[in-house]
Amino acid sequence: MFDAFALAFVDKIVSFVQDIANTNESAEAEKETRQGALMSRLQAFGLKSATATTLTSRTGMKYEAMVQVFRQCMTTFWFALSPRLFKECATKVMDVVCSTPQCGSFGSVLCGTMTSANPQLAISQWIAKLVKKVVETKQGQDIPNSWFSIGTNGTTRKYEASELKLKGSKTVLSYHLEVLEGLVSNGHHHLIPYMSLLGAVITLVSGAESPEIQDFGGRLASILTCIVESGHWWHWR
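Note that full-length UniProt numbering has the sequence shown beginning at 1, numbered continuously upward.
Keep in mind the hints are simulated off the structure, nothing from the lab. Be aware that one or more of the hints could be misleading.
[Said to hold, decoys possible] Straight line, CA to CA, 20 Å or less: simulated SDA-like cross-link-like pairs of lysine to any residue:
no., residue 1, residue 2
1, K87, E136
2, K132, D19
3, K129, G140
4, K87, V67
5, K92, D19
6, K167, Q125
7, K12, E88
8, K132, A117
9, K87, A128
10, K167, Q120
11, K92, K132
12, K92, T75
13, K92, A8
14, K129, D142
15, K92, L81
16, K12, L85
17, K170, Q125
18, K92, Q120
19, K129, S169
20, K167, P119
21, K92, D142
22, K12, T100
23, K129, S185
[What the hints assert, rightly or not] Ranges between beta-carbon positions, derived for each pair:
no., residue 1, residue 2, range
24, S196, M1, 23 to 31 Å
25, M195, M1, 25 to 33 Å
26, K129, G199, 17 to 25 Å
27, A4, M195, 36 to 44 Å
28, F5, L121, 33 to 41 Å
29, T171, S82, 16 to 24 Å
30, S82, Q214, 35 to 43 Å
31, D142, K170, 13 to 21 Å
32, S206, F9, 33 to 41 Å
33, Q68, D142, 31 to 39 Å
Yeah, the Cβ is synthetic: ideal placement off N, Cα and C, and Gly gets one too.
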């Protein structure tokens, strides 16, 4: 009975994430137009730009609160699943999240809450798929599976300047990086076997011209640094 409910619930969640992301995407343009008009009016009354920005940003709080409630709900759900059911439900989620950039922040939340409940299974099953998405978007082309030897045999390579230049969509790359960050944020020492693979990703995105993309690389590097400093690294070796 619970298995049937869990699978049906995941189907509903996947549909919800796709629908809310598409709705929010269209609403975002309208919100920016409203905020721009409001900021102009506030500045006309003599308010400084920083104050006007603070007041207009309040319109986004409702969306942020919804994301937080969604996070709490999904955390409870993932922790209630057996390993077998967890894998089945997570596969349904990742099939959509990995291929639908419109999932936005909700896709990242799904990955983060999933990893917190079963980090070893989540990391081992989906980190390679997400990294492949990141690199393919960054390079603007499909990459061979042999690329992943970087993450399995511990070797490193020097990237040419042409490889570091962003050739794909910055928006799609930002999405895949956000989802990857959600996946690894709760991975802890389970990420250790993939340190070289993630290090290669950090090198690639750190060379991007966009500060936003560079920030993702910095946050991924910070996560790996915390793992090394935690002491689990030496135990694993």
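Checked hints:
no.: 1; hint: K87 x E136; result: violated, 25 Å
no.: 2; hint: K132 x D19; result: violated, 26 Å
no.: 3; hint: K129 x G140; result: holds, 16 Å
no.: 4; hint: K87 x V67; result: violated, 23 Å
no.: 5; hint: K92 x D19; result: holds, 16 Å
no.: 6; hint: K167 x Q125; result: violated, 27 Å
no.: 7; hint: K12 x E88; result: holds, 15 Å
no.: 8; hint: K132 x A117; result: violated, 24 Å
no.: 9; hint: K87 x A128; result: holds, 16 Å
no.: 10; hint: K167 x Q120; result: violated, 33 Å
no.: 11; hint: K92 x K132; result: holds, 19 Å
no.: 12; hint: K92 x T75; result: holds, 16 Å
no.: 13; hint: K92 x A8; result: holds, 11 Å
no.: 14; hint: K129 x D142; result: holds, 12 Å
no.: 15; hint: K92 x L81; result: holds, 14 Å
no.: 16; hint: K12 x L85; result: holds, 16 Å
no.: 17; hint: K170 x Q125; result: violated, 26 Å
no.: 18; hint: K92 x Q120; result: holds, 18 Å
no.: 19; hint: K129 x S169; result: holds, 18 Å
no.: 20; hint: K167 x P119; result: violated, 32 Å
no.: 21; hint: K92 x D142; result: violated, 23 Å
no.: 22; hint: K12 x T100; result: holds, 16 Å
no.: 23; hint: K129 x S185; result: holds, 16 Å
no.: 24; hint: S196 x M1: 23 to 31 Å; result: violated, 44 Å
no.: 25; hint: M195 x M1: 25 to 33 Å; result: violated, 42 Å
no.: 26; hint: K129 x G199: 17 to 25 Å; result: holds, 18 Å
no.: 27; hint: A4 x M195: 36 to 44 Å; result: holds, 39 Å
no.: 28; hint: F5 x L121: 33 to 41 Å; result: violated, 21 Å
no.: 29; hint: T171 x S82: 16 to 24 Å; result: violated, 37 Å
no.: 30; hint: S82 x Q214: 35 to 43 Å; result: holds, 40 Å
no.: 31; hint: D142 x K170: 13 to 21 Å; result: holds, 19 Å
no.: 32; hint: S206 x F9: 33 to 41 Å; result: holds, 39 Å
no.: 33; hint: Q68 x D142: 31 to 39 Å; result: holds, 37 Å
Hint compliance for this structure: hints 1, 2, 4, 6, 8, 10, 17, 20, 21, 24, 25, 28, 29 are broken, all remaining hints hold.
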